[in-house]
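Work the whole structure out from these sequences, hints included.
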Amino acid sequence: MNTLWRLQHRLAPYLFVLPFVVLFLCFMLVPLCRSVVLALHKTSGPGAMQFVGLDNFEFVFQDDLFWRAVRNTLTYTVCFLSIQIPASLGLALLLNSRFVRGRDFFRYAFFSTHLVGNVFVAVLFMLLLAPRHGLINRVIGAVTPFGTELNWLGKPDLALPAVILAALWLSVGFGMIYFLAALQAVDQELYEAAQVDGAGAMSKFWHVTLPGIRPVLLFLLLVGMIGSFQLFELPYVLFQGPGPDNRALTVVMYLFQQGFETGDLGYASAIGWMLVLMVLAVSIAQIRLTRADRTD
Amino acid sequence: MPQRSGLPDGRHVESPALPRADPSSGHHQWLEPVWLVDNTPGLHPSPVNRIPLGKPVIVVIAIALITGITVLMQPRPQHADLEFWVFADSHAKTFRPILPSFEQHEGKSVRLSLIANRALSLRLFSMFLSKSMSREVPDAAEIEIGSVGRFFRPPPDQVGFLPLNDLLRTTGAREIADVSAPGLRGWNARLRGTTRIWTHDGTAWVENPARTQPDMWMDRIVASRFAPWTKAGVIFGVPHDVHPLTIAYREDLFREAGVDLAACATWIEFHAACLRFQQYWRGRGFPHRHAIELQEASPETLVLMLLQRGINAVDDSDRIHLADPKVAETVAFYAGLVAGPRKIGSEAAGGMGVFAKDVEAGNLCALLMPDWRVRYVREFAPGIAGKLRMMPLPRFDPGDPPTSTWGGTMVGIPRAARDPEASWRLIEHLYFSEEGLNARLTQTNILPPLMEQWTHPAFTEADPYFGGQKVFALYAELATQVPRRLVTPMTSISAQKLSVVLNRAVDQMRRRGGEGLEAACREWLVAEARDLENRMRHRRFDDGEEAP
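First to last, the sequence lines map onto chains A and B.
Just so you know, we're using my numbering here: the first sequence kicks off at 5 and counts up by one.
Just so you know, we're using my numbering here: the second sequence kicks off at 238 and counts up by one.
Each hint should be verified, as a subset may be incorrect.
Here are the simulated SDA-like pairs of lysine to any residue, each with C-alpha atoms no more than 25 Å apart in a straight line [as the list claims (entries may be wrong)]:
1. Lys594(B) to Val143(A)
2. Lys292(B) to Leu8(A)
3. Lys594(B) to Leu131(A)
4. Lys594(B) to Ile144(A)
5. Lys594(B) to Tyr517(B)
6. Lys707(B) to Leu541(B)
7. Lys292(B) to Phe24(A)
8. Lys624(B) to His137(A)
Some, not all, of what chain A presents toward chain B, calculated at C-beta under 8 Å [to be verified]:
9. Arg105
10. Asp108
11. Arg136
12. His137
13. Glu153
14. Gly158
15. Lys159
16. Pro160
17. Pro246
18. Pro248
19. Gly267
The set of hints was computed from the structure by calculation and includes no laboratory data.
Glycine included, each C-beta is placed from N, C-alpha and C at the ideal position.
Here it is in structure tokens:
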């Protein structure tokens, strides 16, 4: 019995991690290594491959469509996060208040949008944003002088706002749930102490609530940022392509186009690695800033 | 050694759960596992509690086993001799009823799978890249024109589809039962039961001793429709359609405005007529009544106009034509149609049939109308039956055809198909047979690429929806003039480049009007052509064999 248990103790950890390791090796590590190899080659069909060194990466730097995609992705990320985080937090604060009736219903209602997929949301917004017939244009026509003819999906300047609108609808409720949990974890005694010290609502928010929910805030920022860099399905379905004047072209969409529409897997891999480097750089910067902030 | 702690009910817990430092060696050592041992008199420890790894693991394994067994017990998809993939629901509905007759005749079973367009082309593309999956490859598959470019990146001998030139040249001999059979000038047919070849001179069949072969499929299909499915002269697909392009318009509204749209022979006349139409309705309180549906930012309609002028942005020899002066001229003209003070076009919303609703409501009063759109207008705008008319496209230059082409589908046979000959016979049955045509007509009126099928009554009779106009006779008349549309892997990128220039042109038209726009467009197009050339050079292999 003793020997059996010793054997089990020795093997158990490996057995537990084995499924993950096997899957990780097969579906992550091998493709990752393969994509490094591909990024250094020109490819064409199953049989043709030619080593080109860093040529694909060199080309990325002079590719105006790639930089357009980067610009779109960054603009989206900044706009999306700067609306999503405050909106989620605002909703969470509202729905954390004891004075709001039907809180549970609203919590579910706001979160429920996150339960539907990107593709569904894209199709839904195609209809909502339709000129003349779409609900959003009808509302705009009723309350503003712009009329019902706004061509959200056809005008370059409106393309990214349309994507952001759809993405916000999808994800504000998701952020709200995290903030709600964080708000409920803030020690009530801190509020009482602040009250005793004569702090007003704003002071309490800045000095008690925000520090209390800071880890969640940072988590949502990081997750939102990484998700924004990976944006693909929403604009792809909404515009059936890169959108007017390529204004809805994102880095991942460009990668997909190169790899699967023009069949250049080598160049697509190089774009993929550029994306990895970008996400890594932004994440490291964010983590460093956070650490510095904490040290201060 | 396990530690024991007593519980109030007489049981105790052996709880050495954590590794503990051995004071003598300084290393951590594993301790015995934790068991909840029930020592209540008369009870023995449950065997479940004694199972290594604990209960949760057993539960997980049990769930895995149950789901695994359930999946294994699911009925497997029936094995079929031929697997056929289609992406369009109407095609699936067309083909399903006529598969049994093929199965009976050939003694082979066929499974038809309806797969979403993008999924189908991506799956097939991945299969072509991965030889290990070749057993999963279908025996025939339909591909939409927008997806086919990706398959043509490898050299012709490595494209995943089988070359069909030989099959098209050696099968489908035209036969006539007797010399009174209908025909068109230039057709060559074999008199059934003989080896003699007869040629139609426009009025009758005349024996032609100079010919030894009748027309084959290759000669019987509209030649320009092979172009999108061809790379370096190798044909990889059989066309499903021709999709000639016309303009359909609200005759009642144009008539009321005193505008005879059908009389416009050129695009310039058309533009002027539409402006008159809009002015009339603006004066009567219809500010959002637009003359025609045109896309403001997407280059799709612009591409159709360029095709009408015989221009493909990238041709089959990988030459780039963006810098052609006609392209700049067309872009500048198009920008004037969709922006600025002389704007006549507006965009319909996406979604099936929404454009038809706009036509019915009188928001958009004319449409670019390939044959595949007729069904949607009929279905989604029944209220305007009798009010629509159809006209050929106006021309830019006298030599242009009065049509273009929009959309298209091919069927191809993957190289890994199990029985390519059977696949070919299946294609012949579905695409070219009388039964296939009748089945097609139950779902759509899409004009087939096989020219002799255009004499079918469905394509010659008057259409009450279009006020008694013989619209499909018009399509058939235009079908032989359809320009060659070429598709290469660079087609989608070239469309993006056109989109960039179009949007600049539209922007300039809005801000400063049309003055100097054509010259500006020329500059932008030259720059984009240079960029496209640069991309193609980057993708080309050193030995020069590789096309982009």
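We went through each hint and held it up to the structure:
Proposed proximity of Lys594(B) and Val143(A) is supported: the alpha carbons are some 19 Å apart, at most 25 Å. Only pairs whose Cα atoms come within 25 Å are accepted, and Lys292(B) paired with Leu8(A) is accepted, the gap being roughly 18 Å. At most 25 Å may separate the alpha-carbon atoms for a hinted pair to count; Lys594(B) and Leu131(A) meet this at roughly 13 Å. The suggested pairing of Lys594(B) with Ile144(A) holds, with an alpha-carbon distance near 20 Å, which does not exceed 25 Å.
Between Lys594(B) and Tyr517(B), the direct Cα distance comes to roughly 22 Å. Compliance with the 25 Å bound is thereby established for this hinted pair. Proposed proximity of Lys707(B) and Leu541(B) is supported: the alpha carbons are some 24 Å apart, at most 25 Å. For the hint linking Lys292(B) to Phe24(A), the alpha-carbon distance of about 20 Å falls within 25 Å, and the restraint holds. A C-alpha spacing of about 22 Å is found between Lys624(B) and His137(A), which places the hinted pair at or below 25 Å, so the restraint holds.
This hint is violated: Arg105(A) has a C-beta 38 Å from the nearest C-beta of chain B, more than the 8 Å allowed. Residue-level restraint check for Asp108(A) is violated (minimum Cβ-Cβ distance to chain B is 31 Å; threshold 8 Å). Satisfaction of the interface hint for Arg136(A) is found here, the shortest Cβ-Cβ separation to chain B being roughly 6 Å, below the 8 Å cut-off. The beta carbon of His137(A) is positioned within 8 Å of a beta carbon in chain B (closest approach about 6 Å), and the interface hint is therefore held.
A least Cβ separation of about 6 Å between Glu153(A) and chain B falls short of the 8 Å threshold, and the interface hint therefore holds. Checking Gly158(A) against chain B: minimum C-beta separation of about 5 Å stays under 8 Å; hint holds. Checking Lys159(A) against chain B: minimum C-beta separation of about 6 Å stays under 8 Å; hint holds. Look at Pro160(A): its Cβ gets to within about 5 Å of chain B, closer than 8 Å, so that hint holds up.
For Pro246(A), the suggested interface contact is upheld, since its CB lies about 6 Å from the closest CB of chain B, less than 8 Å. Hint on Pro248(A) holds. Least Cβ distance to chain B is approximately 3 Å, under the 8 Å limit. At its closest, the beta carbon of Gly267(A) sits 3 Å from a beta carbon of chain B; the interface hint therefore holds under the 8 Å criterion.
The structure does not agree with the numbered hints 9, 10 stated previously, though it agrees with the rest.
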